Amino acid sequence: MTNTTAMPADLATPKVLPARHSADFTPRYWLFSLPAVLVILGVIVFPWLFTLYMSGHDWKIGGGPEFVGLQNFSELFRDTRFLESMGHTAYFTVLAVVLPIVFGTAAALVFHREFPFRGLLRTIFVMPMMATPVAVALVWTMMFHPQLGVLNYLLSLVGVGPQPWVYAPHTVIPTLILVEVWHWTPLVMLIVLGGLAGLPKEPYESALIDGANSWHMFRHITLPLVWPFIMVAIVIRTIDALKAFDTIFVITQGGPGTASETLNIFLYLQAFQFYKIGYASAVVVIFFVIIIMLSLLLLYARQKSKWNAE
Amino acid sequence: MTDSILKPSRRALLRGAAALGAAGAIGSPMVLREAHAQAAFNWKRFAGTTIDVLLVKNPRSDLMQAAEKEFTELTGIKVSAEQVPEQQQRQKAVIEFASGKPSFDVSGISLHVQKRMAAKGKWFEDLTPFIKDASLTSPDFNFADFGAGPVAYARQSDGSLDTIPFFVDYWMIYYNKELFDAKGVAYPKTMDEIATVAAKLHDPAKGIAGFVSRGLKNANVPVWASLLLGQGIETTSPDGKLLTDTPEAAWAGELYKKLNKETGPAGQVGFNWNECQTTFMQGRAAMWLDGIGFATPLEDPTKSRIVGKVGYGITPPGPKAHHAGMFADGMGISRGSQKKQAAWLYLQFMTSKAQQIAMLKAGAGAPGRASAYLDTETISQSKFGKQYFECLLGSAKVARAALPQIVPVTEFRDVFGVALTNALGGADVAAELKKATETFAPVLVKSEQG
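If you read the protein sequences in the order shown, they are chains A and B.
Read the first sequence against the working numbering and you will find it ends at 757, with the numbers running on by one and no gaps.
Read the second sequence against the working numbering and you will find it ends at 1353, with the numbers running on by one and no gaps.
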């Protein structure tokens, strides 16, 4: 008690701060942080500043850079393909996050229960996650072939006509989402399953005594308690979905036309097909700003879910 | 023993020369001439050098790598070659050449994509002085043997020749003879007839498409450009102006749309050459317009259901002209290389008559040398049959570059590829081509300025 009441007085006078604190900032300790600072400067800060520098230049590989100020940015916002690719990215990201979260959570609830061969089935369920994305994409490409693919063959067995899958503009993104869901639902399942394993039993026992049914228990006990874990899964999935490139590139290369051209594919084309480094750098800068804003939003939501849980 | 090979005595050399002479005496006059030529030319002058080579991953590069041992035995030059998939190889070439110090002495390029880029960036050494230098060029190399079409394609606008055009791809029509015979239909005589023939053979109920070709953005542009040649024009005029919004370009676009939309397989808007090839070799398409270089698996019983039923037809004439779209690969010596002369020996060897015949024999593509097509032994033993070779020779006679010879070829293919895809989706062809032309025109102007 005495210590607690003495605290405000201590805080009001900086000179009584522990000597250890102020010593942390003396120059003789700077040397110890130098390796970390150099690495951060070399691999994060320099590339970033260089990208920012390039975004202000008209620079094609093979030629010299010419300073153009904000022209690349103004051109980008007039470029309908860039704006379309932003729309495709948003569409793809929302579906590639929401669906695996819903299915992964449902799968976690199923695998949380005791039933025969649970371990074996759980292992089989997580197997897609272990596959290499490019290999996965190549296999799915063969399965999507409208005439010779196995998917249309299977549909024909149940009387459903052939589907265009990734070979039509209106079905391409939902079909790519199908691959994402197959590939990444297991990850969400594992994260949520980890959360479910740590839940206390007492709230459920109390709820049963109070006459709650399964839905009530899920809605009012399980979901709030496991929500911080779902938020972690949402953050990971959002980052993954935003940077998705390999699967889309291998399966559609952004087509048909530009129907599945996301920001990453657009960026790849500008940088490595058209060699417009300045223009591509401007895309990176905009993409970075979007990611930072989204990350802050998600981290805030995650923090809030933790506060609520506490 | 090693010493005796590396530093042979005078007696051993005389013995070798005598043996060579004896072998020549029992050989044909041509072999004798070649042997004398080989004996006169010093292949060993750069022995001990190691050269680096950048290749595109394909069967032709496999053949070159297989021949490396023989080349090293002949010249004493070691070869360090790497094969990189096409798209990545193009990126690697651009970046390394732009650096001014490429890590390779020799590189292959796609002339239909990188020719002007190579000239503008001064990637390669002009090979003309090498060809003219008798001390550096083996007499049996005979550059005149390379076809006039491929050489003209490889030659830059300033007259320099910076690559040897060792591979040519002509666009033609593969057709399923069985399907044609079943409906009593003859091979189309004109470009317009392709559509009428395709309509007769189109049978969606049986899963048969009358026609298949690339629909995927970028990949689809050569199809349209090949049809445009039938109007006697390319996508750009000789002075570099875009002809992509002309009535002729719209005609080619309408034909492309009609063929693919009305008689193409479902989902062909997303087809690249590999989907077209699979569809055709599973007997699901009556005709396929593409490069003759894709023929190999069609006659492979482990992959194809139509072995022995494939017809090889020269692209029919259009309303104003008869041309087959031409695409080619070339190999050149990096301007930044310190081993140009050793690299030239490598180029000579890998584009020699023997290597070109080996390419033809393996079905790895159409060689740039004219003499390869006159090798009756190769033709008689080939699994492709007489019609394939007739198509090759016939196409060579009417060959014309299909893609524009400009710097931003990839961007051109991308912009017009989107227009063609939109057209397949139902958009108006002329309007799409006009829009694409307006989008691309400033890019082209800028590329010529920079």
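Quick caveat, the hints were computed from the structure, so don't treat them as lab data.
Just so it is clear, the structure is predicted and the values come from calculations on it, not from any experiment.
Where hints are given, some of them may not hold.
Label-pair distances were calculated between CB atoms; the ranges are [stated by the list, open to error]:
#1 A:Thr-527 - B:Lys-1109: 40 to 50 Å
#2 A:Met-577 - B:Pro-962: 43 to 53 Å
#3 B:Glu-985 - A:Met-577: 23 to 33 Å
In silico EDC-like pairs for lysine to aspartate or glutamate, Cα to Cα no more than 20 Å straight-line [to be verified]:
#4 B:Lys-947 - B:Asp-1029
#5 B:Lys-1337 - A:Asp-526
#6 B:Lys-1103 - B:Asp-1148
#7 B:Lys-1004 - B:Asp-1029
#8 B:Lys-1164 - B:Asp-1106
#9 B:Lys-1338 - B:Asp-1148
#10 B:Lys-1338 - A:Asp-526
#11 B:Lys-1338 - A:Glu-531
#12 B:Lys-1349 - A:Asp-693
#13 B:Lys-1161 - B:Asp-1203
#14 B:Lys-1264 - B:Glu-1293
#15 B:Lys-1349 - A:Glu-531
#16 B:Lys-1023 - A:Asp-505
#17 B:Lys-1161 - B:Glu-1151
#18 B:Lys-995 - A:Glu-522
#19 B:Lys-1023 - A:Asp-526
#20 B:Lys-1338 - A:Glu-522
#21 B:Lys-1349 - A:Asp-657
#22 B:Lys-1349 - A:Glu-561
All residues carry an ideal CB built from backbone N, CA and C; glycine is no exception.
Hint numbers not upheld by this structure, sorted from lowest to highest
2, 4, 6, 12, 13, 15, 18, 19, 21, 22
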